[in-house]
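Work from the hints to combine the two standalone chains into their complex.
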Amino acid sequence: MAVRDTIITGLTANLASSSVSVSSELPFNSAGEPLYVKNKKYVYVDEDNKDVTELYSTLDGNSIDTTETTVQAFLTVDAKNELSDIDTIVDTIIAERNQVSGPHTKECEVSTEIETDYITYQFDYRFVTT
Amino acid sequence: MATINVTAGSQAILTLGANAALATPGATDGLTIPFLQDLTISAAPGTVRYSTLDSSSSSAFTTVNENSVSCNMLVDDAVMFGDSTHTVNSVKTNGLFETSKAKTEINFSVSFEGTGDTGDTYWSGSGFIGGLAPTASIDQAVWISPMEIIVNGELTKTDE
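In order, the protein sequences belong to chains E and C.
Each residue of the first sequence is one higher than the one before, starting from 1 at the first, in our numbering.
Each residue of the second sequence is one higher than the one before, starting from 1 at the first, in our numbering.
No false leads were slipped in.
Once the Cα atoms are required to be at most 20 Å apart in a straight line, the calculated EDC-like pairs of lysine to aspartate or glutamate come out as:
1. 41(E) x 82(E)
2. 106(E) x 46(E)
3. 101(C) x 77(C)
4. 106(E) x 139(C)
5. 50(E) x 139(C)
6. 41(E) x 124(E)
None of these hints come from the bench; they were simulated from the model.
In isolation and in its complexed conformation, chain C is listed as follows (with noise of 0.2 Å):
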């Protein structure tokens, strides 16, 4: 039993791929997200609550999952607007703006452990790119900006 330690700056880490295995923590040619200020997964069980005449409390069913991974970022230029020179990944290729826009499926991972070492775990799943909501101001002196996948179907949990 342990914590997850990830001021190492190689755990927590958000690749993105046109398919699965492209999306695979450590993938090659997957697309990594750089300056990931947080990272959020919600994996939520939705729920609907009833009364019932015998009960001085509500009780409740759930129904499907809701799931989603949020974070925030410092916008880096080849991610946010692509790479016209890569030709693997097309998600790398168009980044996240065309990406977004153009409500193309993705596939996704999240590593808890970052890579490359038995036992590491990471989450995946398919989803689309939302939320992005770029910010300047001098005070901040970069752009920021936040960003939701928002999960078509189940994650996965896998062991490396």
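This is chain E alone, in the form it adopts within the complex (with noise of 0.2 Å):
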């Protein structure tokens, strides 16, 4: 199961109750705008991104990889009357991380970015599996 999938069920269940939805729709661009600008209080997440290295090579040339997986997900919200309960809705994206298992490291960062009247929320999150 992929990492968007994951975060998308888990979200999905996590965000039934609060102000925002789930989309399972990827953000892609309709009419010039994305998804997530044009459907505003809808989570979307990205396709996953991997990066395999090698960790450890041997002498017998049997390497250790390391997977890197990263996944975007973005939710745009009115930014001139914030969502009362926004707080718990990013708090809720950033904790699906925990859900995905398998990885030794699970990391989400958070930026914002506002434009005219409306705020954007990048989850980047970040995976590495051995």
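Spelled out as structure tokens, the structure:
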């Protein structure tokens, strides 16, 4: 199961009673505008990006690899009238990283960008498996 | 004249055995140590330095050779803890830890250029396994251990 699927499944359940919903669509651009901007209050999760690097190389050619998987999620909401439960929503999306089983490193970085009257939260998940 | 490139993954092979034949590189029942990160053979003559009144530099004479083989490896469970289904080579049966703990003398070979080709060179000898110190951490992800073979006697060079 891709990490994206795990995150979407978890967020759908954990944000069910919040002010936002989770979309299963990819955050593609529609008419020149990302879906998460067009459809505010919907969390969009992008595809997995994987980076496999060699952790140990050995004299017999049996290398040990480490896989870094990064996934981005986006949420756009009204900046003028912030959602009353936005802090809980952000914390829930951050905590969703812990539902992914397997990786020994599970991180999430949040950044925000305000444009005109809306604010976009970008969540950068990072998972490392060896 | 040429350097020996070990990046092909088939050179620099350490093989252990309960006797010299089993420790020959490529031996069917030899214990080939996998996942070696580095391999060092030390063949150092012992020396004693002394000074004399008629010289401003010290002099030296040699004593006996002190030979050893050391390496760092990623721990393979069958190699570290033994393979109980194997019956021919006791080092392979008991694994590195039990052989070290029992202070059993083993035979070894270090192949410089791999095996199977005429002219391939290896050094061999006998000695005792020591220096096992497996460590693990979340960052290194796998068990890693150094190992040393304290050589008992001379190293012997053989050309295949």
